[in-house]
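Residue numbers (our numbering), protein chains in the order written: chain A, 6 to 140; chain B, 6 to 140; chain C, 6 to 140; chain D, 6 to 140.
Take the hints with a grain of salt, since some may be wrong.
The list cannot tell twin chains apart, which means a pair is met if one copy fits it or any two copies do.
[As the list claims (entries may be wrong)] List of simulated lysine to any residue pairs, SDA-like, C-alpha gap at most 20 angstroms:
#1 Lys85 x Ala43
#2 Lys85 x Gly23
#3 Lys13 x Asn118
#4 Lys131 x Ile24
#5 Lys69 x Gly88
#6 Lys13 x Asp133
The hints are simulated quantities; they were obtained by calculation from the structure and are not laboratory data.
4 protein chains.
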Amino acid sequence: MHSTLRQKILFKHCDPAGIVFYPRYFEMINDAVEAMFADVLDWPFEDLHQTGAVPTASFQVDFKAPSRHGDVLDLNLTIKAIGGASLRLQIVAQSGEEVRFVADQVLVCIDQNGRPLRWPDAIRAKIDKEIGDPL
Amino acid sequence: MHSTLRQKILFKHCDPAGIVFYPRYFEMINDAVEAMFADVLDWPFEDLHQTGAVPTASFQVDFKAPSRHGDVLDLNLTIKAIGGASLRLQIVAQSGEEVRFVADQVLVCIDQNGRPLRWPDAIRAKIDKEIGDPL
Amino acid sequence: MHSTLRQKILFKHCDPAGIVFYPRYFEMINDAVEAMFADVLDWPFEDLHQTGAVPTASFQVDFKAPSRHGDVLDLNLTIKAIGGASLRLQIVAQSGEEVRFVADQVLVCIDQNGRPLRWPDAIRAKIDKEIGDPL
Amino acid sequence: MHSTLRQKILFKHCDPAGIVFYPRYFEMINDAVEAMFADVLDWPFEDLHQTGAVPTASFQVDFKAPSRHGDVLDLNLTIKAIGGASLRLQIVAQSGEEVRFVADQVLVCIDQNGRPLRWPDAIRAKIDKEIGDPL
């Protein structure tokens, strides 16, 4: 994997059934991707969004086991592939050894007019290096 | 389709890029499913959660076009199939004729201990009728 | 009062204690104000935010009784006073006759550079009429 | 102050005006209180909610300056006073030296039936010590 976001399951994440409400998982996924852009690609979202955006084109998510208030969750993110303007990521969320969900996400780099934009060369070089050199 | 939730895109749904932040779409999907259980199956979530829950097992979502503040979105829900304890749904979100996203969702009926529970006969009968008689 | 937003308490609003999580009340307050701007002032947020914003300067909120999943809540909004760039509102949220919370909110009209902006005359005229003619 | 929660302003916190949407501030306030209960009082919310809850009775919040994507915010929490079942807190949120908001919050300790509950002696002793010994 290429980066990990550790997130304790907090009161705000949980529903009346006492487990994480799935839209909160999608907020955590966004946080994990935002952290990867800042820490691995050195292109923080607050800079990136000055000139464009990276909206999501698709998700495939399998929920394997529920998460409860107080659990410590690791969102392990792996960059799987880069296209011209697309990026394929996988996020595996675990508490200890137990997998809670696996999410496959495709992002697209766009400009301020919403048109697909080829990833900048400096970013592409970092992503190529990450894919070729998994931790 | 079997039910529709109409949702105006509000300030709270939108991100700094001026479009709907995808975790908010998942809240809308949950609202659409909650409305279907109340209006079509006559089993409102506030009753259902007294004795069990209907967590999501998986999502496949394709985002086709962004939604903007002020758009009126229709989340059109179709019941696709029922299993012993599972339910397969499709939600197609449109603003006018433009499709914004298509979500395929699998739910599982569980008891208070988290074990899969066969859908009650009265619910199963209503779902069977819906599947056999699409609007 | 000058406008009412009716909101059923949904699964997404509730916490593990089975009652509304207070940040969700603040989302509802924002929805009630957004609805008042659209329906009473005829200045929907999606238009207003093209040229400015109406951030909140202060809140005083008293929570009187909890709200539960399935309750129907009416957020009754009254315009209390208008200043040069400020607006004082009160939102009383009730389920039937029972008051759930009372919120006093002060908004400020600002331009795109964040500077206070005198309310446009057309808006001021509508607000003056509302204040002078409570329903 | 008695505890601090550091929170980078993330994409998910911001609205189309590019600043923090105020309901997200209230989620942060809840996180800061949850962290204080875990770290200072050694009574994490995941344990506390097994036998009761600590709902909010009131808020007075003044927003002094907006927060933007990428800002680092410190939520500095001070315990101001303890009553039989109540607790008065103040949260001052700053980015560097600039105060962004000041929130005065009153919590109430309740049992599983929603009745006010005197703070347990062990918690009261820790709070008394904190109030008498500000950092």
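Against the structure, the hints come out as follows:
no.	hint	verdict
1	Lys85 x Ala43	within (18 angstroms within a copy, 37 angstroms between copies)
2	Lys85 x Gly23	neither (33 angstroms within a copy, 28 angstroms between copies)
3	Lys13 x Asn118	neither (37 angstroms within a copy, 23 angstroms between copies)
4	Lys131 x Ile24	neither (37 angstroms within a copy, 28 angstroms between copies)
5	Lys69 x Gly88	between (29 angstroms within a copy, 18 angstroms between copies)
6	Lys13 x Asp133	neither (31 angstroms within a copy, 28 angstroms between copies)
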